[in-house]
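Just so you know, the sequences run in chain order A and B. Just so you know, we're using my numbering here: the first sequence kicks off at 1 and counts up by one. Just so you know, we're using my numbering here: the second sequence kicks off at 115 and counts up by one.
Hints may be right or wrong, so weigh each one.
[Said to hold, decoys possible] With a cut-off of at most 35 Å between alpha-carbon atoms, the simulated DSBU-like pairs for lysine-lysine come out as follows:
| # | chain 1 | residue 1 | chain 2 | residue 2 |
| --- | --- | --- | --- | --- |
| 1 | B | Lys158 | A | Lys78 |
| 2 | B | Lys154 | A | Lys55 |
| 3 | B | Lys155 | A | Lys78 |
| 4 | B | Lys136 | A | Lys101 |
| 5 | B | Lys185 | B | Lys150 |
| 6 | B | Lys133 | A | Lys55 |
Honestly, the hints are just simulated from the structure, not real lab data. Predicted model, so just to flag it, every value in this text is computed and none were measured.
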Amino acid sequence: AQTVTQSQPEMSVQEAETVTLSCTYDTSESDYYLFWYKQPPSRQMILVIRQEAYKQQNATENRFSVNFQKAAKSFSLKISDSQLGDAAMYFCAYRRGNTDKLIFGTGTRLQVFP
Amino acid sequence: DTAVSQTPKYLVTQMGNDKSIKCEQNLGHDTMYWYKQDSKKFLKIMFSYNNKELIINETVPNRFSPKSPDKAHLNLHINSLELGDSAVYFCASSQRLAGAGETQYFGPGTRLLVL
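Bound conformation, chain A alone (with noise of 0.2 Å):
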């Protein structure tokens, strides 16, 4: 069965500094995708980003940007000149290439200190 590693409960960032988020999963599945979805106090979940398993290049989104090791099953978030609303749930993810089915870990809350 696929798991999803969230090792961090809790991290904490200086506004305008990066911070590194880690993520690991177990799969014997080639063909998958991975998201990271963030959860502010308002319980919205929101996607920040997301990466399809076939493709050797990271993804980005404007300050976020993932490093996507498939060999290591490693998918983890760097958020760069982090911003006092970027404080949140974070939650990565991840669904086999052929189902619905996603598969959450169980979260890091980030707080950035002003």
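Let chain A serve as the given structure and place chain B on it in line with the hints.
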């Protein structure tokens, strides 16, 4: 314009009651989901529907019954509510491509508290 909306946002009820949560999406997606987030923030899929057809049913008690009147709506009805049903319930939607689901977009969540 909310893409995925849920009503109500908050629901407080007594044990044993029956309640429903409604979900609507205006993204034109053909697949909808229900997720449950427990008190430890763990998110787990409950159901998915594609074009009104049940696709995923993740060993959820029979007291939970999803209903999809059309592909833009997926409601969740819960019978005989128990204390352990207290959680945040999220609806989501996506568009299937060639048999595989695309990115899922979530609603704002419904916080259910069973007393």
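Note to self: Holds or violated: B/Lys133 and A/Lys55, Cα atoms, limit 35 Å.
What the structure shows: violated, 44 Å
Next item on the list: Compare the distance between the alpha carbons of B/Lys158 and A/Lys78 with 35 Å, and conclude whether the hinted pair is satisfied.
Entry: Status holds; Cα separation ~25 Å.
Note to self: Checking one constraint from the list: CA of B/Lys136 to CA of A/Lys101, max 35 Å. Satisfied?
What the structure shows: holds, 21 Å
Item checked: Restraint check for B/Lys185 with B/Lys150, where alpha carbons must lie at most 35 Å apart -> Roughly 21 Å between the alpha carbons, so the hint for B/Lys185 and B/Lys150 holds.
Checklist line | Pairwise hint evaluation, A/Lys55 against B/Lys154, where the allowed Cα distance is 35 Å at most | finding: holds, 33 Å
Margin query: For B/Lys155 and A/Lys78, compute the direct alpha-carbon distance and say whether it is at most 35 Å.
Written below: holds, 22 Å
Consistency with the previously given hints fails for number 6 only.
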